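Numbering (this note's numbering), first residue to last: 1 to 334.
Hints in this document: simulated from the structure, not taken from any laboratory.
Quick caveat, the model's predicted, so the values are computed rather than measured.
Do not take every clue at face value.
[Said to hold, decoys possible] In silico lysine-lysine, DSSO-like type, Cα no more than 30 Å apart, as pairs:
#1 K50 - K330
#2 K147 - K228
#3 K88 - K121
#4 K299 - K257
#5 K88 - K29
#6 K330 - K186
#7 K88 - K295
#8 K88 - K44
#9 K147 - K51
#10 K50 - K147
#11 K118 - K147
#12 K298 - K121
#13 K257 - K186
#14 K295 - K279
#15 K246 - K233
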Amino acid sequence: MVMISGSTILVTGGTGSFGNAFVPMTLAKYSPAKIIIYSRDEMKQWEMAKKYGGDPRVRFFIGDVRDRERLYRALDGVDYVVHAAATKIVPTAEYNPFECVKTNINGAMNLIDACIDKNVKRVVALSTDKASSPINLYGATKLASDKLFVAGNSYAGGHNTRFAVVRYGNVMGSRGSVIPFFLSIKEDGVLPITDERMTRFMISLEQGVELVWHAFDDMEGGEIYVKKIPSMKVTDLARTISPEAKLEIVGIRPGEKLHEQMIGEEDAFHTYEYEEHFKILPAIHNWTSSEARIKDGKKVPPGFSYTSDNNSAWMTSEELQAWIAANAEKIGSV
Numbered sequence: 001m002v003m004i005s006g007s008t009i010l011v012t013g014g015t016g017s018f019g020n021a022f023v024p025m026t027l028a029k030y031s032p033a034k035i036i037i038y039s040r041d042e043m044k045q046w047e048m049a050k051k052y053g054g055d056p057r058v059r060f061f062i063g064d065v066r067d068r069e070r071l072y073r074a075l076d077g078v079d080y081v082v083h084a085a086a087t088k089i090v091p092t093a094e095y096n097p098f099e100c101v102k103t104n105i106n107g108a109m110n111l112i113d114a115c116i117d118k119n120v121k122r123v124v125a126l127s128t129d130k131a132s133s134p135i136n137l138y139g140a141t142k143l144a145s146d147k148l149f150v151a152g153n154s155y156a157g158g159h160n161t162r163f164a165v166v167r168y169g170n171v172m173g174s175r176g177s178v179i180p181f182f183l184s185i186k187e188d189g190v191l192p193i194t195d196e197r198m199t200r201f202m203i204s205l206e207q208g209v210e211l212v213w214h215a216f217d218d219m220e221g222g223e224i225y226v227k228k229i230p231s232m233k234v235t236d237l238a239r240t241i242s243p244e245a246k247l248e249i250v251g252i253r254p255g256e257k258l259h260e261q262m263i264g265e266e267d268a269f270h271t272y273e274y275e276e277h278f279k280i281l282p283a284i285h286n287w288t289s290s291e292a293r294i295k296d297g298k299k300v301p302p303g304f305s306y307t308s309d310n311n312s313a314w315m316t317s318e319e320l321q322a323w324i325a326a327n328a329e330k331i332g333s334v
């Protein structure tokens, strides 16, 4: 990707799971002049900084996306932005709704304004399956955030800043996810399952980073990119991790879906399929030639949806075992 070489990239919420994968992968594959980590937690920044041994290409800014003034300062000279900062734990968002809105919606508006005024070239915002037909506050705020970033292309006016969104679901092995949780308790002999019918998409952090790279390279403004990834039944996942464990059905938690959804039927009218991903185009306005947007893409049929239970690709137990073995040291640490 030529555009990233020699450029300055800022990652909001960059000490999280995504940032810990994005920084080393981007430094290794491309030659950015600088990657700026913009986040609130000084301890996480200190721990992350130790990994890079004072590498001058990796910089750290203490800051909050709620703080417009600090964002404006941090974005001086920045070419590209990845927006990963979010309040994302579902029960936390439900119990602290005002705080969730301040970060996920107000923070998005602050970043859009700052990126436009600072003439950032391209911005990719990370989204979630929970933003598609949301049933909890976190999902609702991320849906609002997605729409803000899509509309940011119109809001930019005469500026050249362009915005796009990347949407993916359950990240395998990330902090707080089901794989490290099951691994941590498998010796107890009992694994809690919310519902034996439940399915989840399975994506690695590396695949998430590669999708962001693709978005930077491909975007013209307003697209939502959805990676094609396999699904797995949660019961199969549990039996892979601990074949002898008893599966205890505990019931679906508030705000939790039986199956993950990346693309709803309502979005099918504007969705195109490619070899490795889907692209949802803006419904209201195109900021460039429609022909350029849909090159090599195939329009999905009416009524199409992309959910973890109707997926054409399924992860096998053998594939999951191989992934766990290859990533044992990293699981749950990022």
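Now the hints, each set against the structure:
1. K50 - K330: OK: K50 and K330 at ~16 Å, within 30 Å.
2. K147 - K228: holds, 22 Å
3. K88 - K121: holds, 27 Å
4. K299 - K257: holds, 27 Å
5. K88 - K29: OK: K88 and K29 at ~29 Å, within 30 Å.
6. K330 - K186: Holds, because 18 Å separates the two Cα atoms, which is no more than 30 Å.
7. K88 - K295: violated, 34 Å
8. K88 - K44: holds, 17 Å
9. K147 - K51: Cα-Cα ~36 Å, so violated.
10. K50 - K147: Answer violated: K50 to K147 is near 37 Å, above 30 Å.
11. K118 - K147: holds, 21 Å
12. K298 - K121: Since the Cα atoms of K298 and K121 sit roughly 28 Å apart, the hinted pair holds (cutoff 30 Å).
13. K257 - K186: Given pair K257, K186 holds - Cα atoms ~24 Å apart, limit 30 Å.
14. K295 - K279: Given pair K295, K279 holds - Cα atoms ~11 Å apart, limit 30 Å.
15. K246 - K233: Holds, at about 16 Å.
Going through the hint list in order, the structure does not satisfy hints 7, 9 and 10.
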